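Protein chains in written order, with our numbering: chain A, 1 to 153; chain B, 1 to 398; chain C, 1 to 130; chain D, 1 to 149.
FYI, nobody ran anything at the bench for these hints, they're computed from the structure.
Predicted model only: the values in this text are computed from it and were never measured.
Please note that a few of the clues may not be correct.
[Stated by the list, open to error] Below are the DMTMM-like pairs computed for lysine to aspartate or glutamate, each with C-alpha atoms no more than 25 Å apart in a straight line:
hint, chain 1, residue 1, chain 2, residue 2
1, C, K2, B, D198
2, A, K25, B, D198
3, D, K63, A, D138
4, B, K240, A, D138
[Said to hold, decoys possible] With the C-beta cut set under 7 Å, the calculated list includes, among others, these residues of chain D facing chain B:
hint, residue
5, P77
6, V94
7, F95
8, S98
9, Y99
10, N103
Beta carbons are placed, not taken as given, at the ideal position from N, Cα and C, and that holds for glycine.
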Amino acid sequence: MATAPSLPSRLDFLKDYVLKTYSMKPNRIIIEVDSKYVHKVFELFKERLGFPNFYISTIAGTDFPKENTIRVDYYVVVLPEEQTIVIRTYLPRDEPKIASIIDIVPGALAGECETYDLLGVYFEGNRFLKRAFFVPTDVVEKGIFPLRKDSKV
Amino acid sequence: MTVTKIVEIPLVLEIPIGPQHPALHEPLLLKVYADGEEVVRVDINTGYNHRGVEKLCEKNTFYRDIFIAGRVCGICNTVHANCFVRALERILDLEPSPRAKYLRVLAMELERIHSHMLINAVMAEILGFDTLFMLIMRDREMVMKAKEILTGNRVLADYMIVSGVRRDIDETKRDRLLSILDKVEKRIKYYRKLFEEDATINLRLRDVGVIKDVDASRYALVGPPARGSGIKIDARASDKYDAYDEIPFNVIVRKEGDSWARMMVRWDEALESVSMSRYVLEHLPRDSNAVPDERRLPRRFPPGETFTRAEAPRGELTYYVLSDGKPKPYRVKIRTPSFNNIINGGFAYIGYTIADLPAILVSYDPCISCMERAIVIDLRNNKKMYVSLKDLVVGGRK
Amino acid sequence: MKPSLIKEVLRNLFSKPATIQYPREQTIIEPDFRGRHYADLMKCIGCSLCSIECPANAIKMVKIPEEYPAPKKNPRKIYPVIDYFKCVYCYRCVAVCPTRAYIVTNNYRLASFKRSTSEKLSLETLKKAG
Amino acid sequence: MERVKIIRLSPWLVHFNTGACNGCDIEVLAALTPLYDPERFGIKLAPSIRHGDILVVTGAVTKKAGERLKRLYEQMPEPKFVVAVGACACSGGVFAGSYSVLNGADNVIPVDVYIPGCPPRPEAILDGIIMLLEKLKSGKIVEAKAQRG
Chain A
1 MATAPSLPSR LDFLKDYVLK TYSMKPNRII IEVDSKYVHK VFELFKERLG
51 FPNFYISTIA GTDFPKENTI RVDYYVVVLP EEQTIVIRTY LPRDEPKIAS
101 IIDIVPGALA GECETYDLLG VYFEGNRFLK RAFFVPTDVV EKGIFPLRKD
151 SKV
Chain B
1 MTVTKIVEIP LVLEIPIGPQ HPALHEPLLL KVYADGEEVV RVDINTGYNH
51 RGVEKLCEKN TFYRDIFIAG RVCGICNTVH ANCFVRALER ILDLEPSPRA
101 KYLRVLAMEL ERIHSHMLIN AVMAEILGFD TLFMLIMRDR EMVMKAKEIL
151 TGNRVLADYM IVSGVRRDID ETKRDRLLSI LDKVEKRIKY YRKLFEEDAT
201 INLRLRDVGV IKDVDASRYA LVGPPARGSG IKIDARASDK YDAYDEIPFN
251 VIVRKEGDSW ARMMVRWDEA LESVSMSRYV LEHLPRDSNA VPDERRLPRR
301 FPPGETFTRA EAPRGELTYY VLSDGKPKPY RVKIRTPSFN NIINGGFAYI
351 GYTIADLPAI LVSYDPCISC MERAIVIDLR NNKKMYVSLK DLVVGGRK
Chain C
1 MKPSLIKEVL RNLFSKPATI QYPREQTIIE PDFRGRHYAD LMKCIGCSLC
51 SIECPANAIK MVKIPEEYPA PKKNPRKIYP VIDYFKCVYC YRCVAVCPTR
101 AYIVTNNYRL ASFKRSTSEK LSLETLKKAG
Chain D
1 MERVKIIRLS PWLVHFNTGA CNGCDIEVLA ALTPLYDPER FGIKLAPSIR
51 HGDILVVTGA VTKKAGERLK RLYEQMPEPK FVVAVGACAC SGGVFAGSYS
101 VLNGADNVIP VDVYIPGCPP RPEAILDGII MLLEKLKSGK IVEAKAQRG
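Could you put together the complete structure from these sequences and hints?
If you want it as structure tokens, here you go:
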């Protein structure tokens, strides 16, 4: 994490929402955003870039019990140069809730369902969320999210 | 006797599409709602193949994870291992030797050829073209032999290791690989022509499952489904990992967006892969050692995070690895191409007939199987049937 | 009938069948195919590195039985037993072994009715020497 | 138990994937293609589980698929035999110990022949099936089945 990289000029519209930017090897730009504005950020993506100029590659959640947060990363690939942008946000671990973006980008469905099932991040407004999307039912019945660090599975 | 309870059920028609079938891979349940012949809604049930790989990776050490990553998917195993190994190399700040980079590309391109041949063979079988299936499978054995010569196993190569590959090739092996490539190229050209001209294939695949470019990016489709719709996504061309910056190749893009275009993209890519493999074999750097001594590899992993992309036969594969300095990774996030293509791709079935459904599913190159467990529920023109619970129970016992 | 079709038919009529008459006729396996492997106990020093590195936990370190003479350089008198049912034949153990003690073969005919391990094969390397 | 002896002349296979990585599946598929051609032994892929004599299980048997596997086994007509293909189906392989895996097919249904390897070569798969057929000829496996009940 050396010097903070500058945003590509095409993504200038994001600058009101950026908390900070830094880079991840190999040349991915991480943009930290408050969880309230994630929905807004993707609305802007759709408005300014428009389809088919970007797609959501994946949503990755990571659990940090020490800091009592769950980090959610949205990996967005901007076409045609295929630059990977990471929209990073932090949620409280006790009540991880974030607005769903499937109304803007339906391609986020797979990632949101997976993150909910494995990590327990609730995406508000996504009516397809369900447990046992992947996880076997006996784990679900115990109310365990397997990718949380304190879960014993 | 009074009827106490009424259960409202639609007229349910359960038809397993396709027989039980070794050609398709992981189990998946597609719930298809059909109005007459027309598909109106598709629900996708997953989880039959969830093995908890991400948790397993957190429980094992980095080096053991290389082999677990290869076993996420058997067909694209070298790409999985390569993507993970490159992530580790970014964390360790290591660079493999040029010869190792070329050999990695060779292994991945051979895999792409066999994967594309396999899925085209499966498509031929789905269309009822069994002879073509058998012929393609016969010729695919040559590619498997090439993989065996290169990596030491037919399917699971276990070829990648941090800062290199696990075995090298000599001159005799190189010549054998080249002669296999010549034979394979001839056959692939023949099959490509066949897919282009054959009347049955054209009738079954043209204008079936059309995906517009806007939809492809909205639903985050990757790989041949995206490239068949005119969206140029190829991690090989953009990320230029390993030796892809030195090897000339074209990214195949087609505009049609139908099932046929997706299959043609695969044939063209297979031809492209053949020429890339030949380029690798002819321009293999001789000056450096490709095989590192696995006993002397670094044991300590510094903290750091990285996100690597690779172009698997089915599309963009991504690995996110977070290390906190311990011998085990803190988080490994794997996103396979089929995960996006299958779960998000349900929209493409809508409006086509039930008979087109297998063709569309296979044209996605599913890393999932079990058409045999796709259930068709017929909501024929809103016709409702009321049955008392008692009748239902009696009916079930008969 | 198209002329190209006739050509295809004739070629296939006179060509050899693709089928290999396995098991009457053996297929050609590469000499370096990753098949069954076992530890050479004359070289093994009982360091259990292979057991630690095995991705499938297929290798168990076991005491060398009393009736076999344990080599001097193996102070703990233990040797690796590979469970062939668990083994994924990645040859990580072969590569990490500090004394290159593993004997590799291209034997792939491993089907069996009950659990098989490398115990007997490994102990035979001792018997021959002793 | 005469039926057992007849089955060995033309056993029909049913292949079921219980959460494999596809490696074994494509090798089972390769074993059925022209290069190896098991129809020489009368081995044929059955369209449905109810026609099958030998169930070929691949994969690490996830908990969700395990229920299906048990149900499939119960639906098979007697006499029935099970072949576990691959390290995963034999013992769980690299996935042993994961929270959603049952560590091998023999924890769910009785297995007659194990074919280890990751994945086993098509020749090895044929080998295993021929071993089973040979054993059927000698009648030993029938006794074993009867004892197991």
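Hint by hint, which ones does the structure fall short of? Going through the list in order, the structure violates hints 2, 4, 5, 10 and respects the others.
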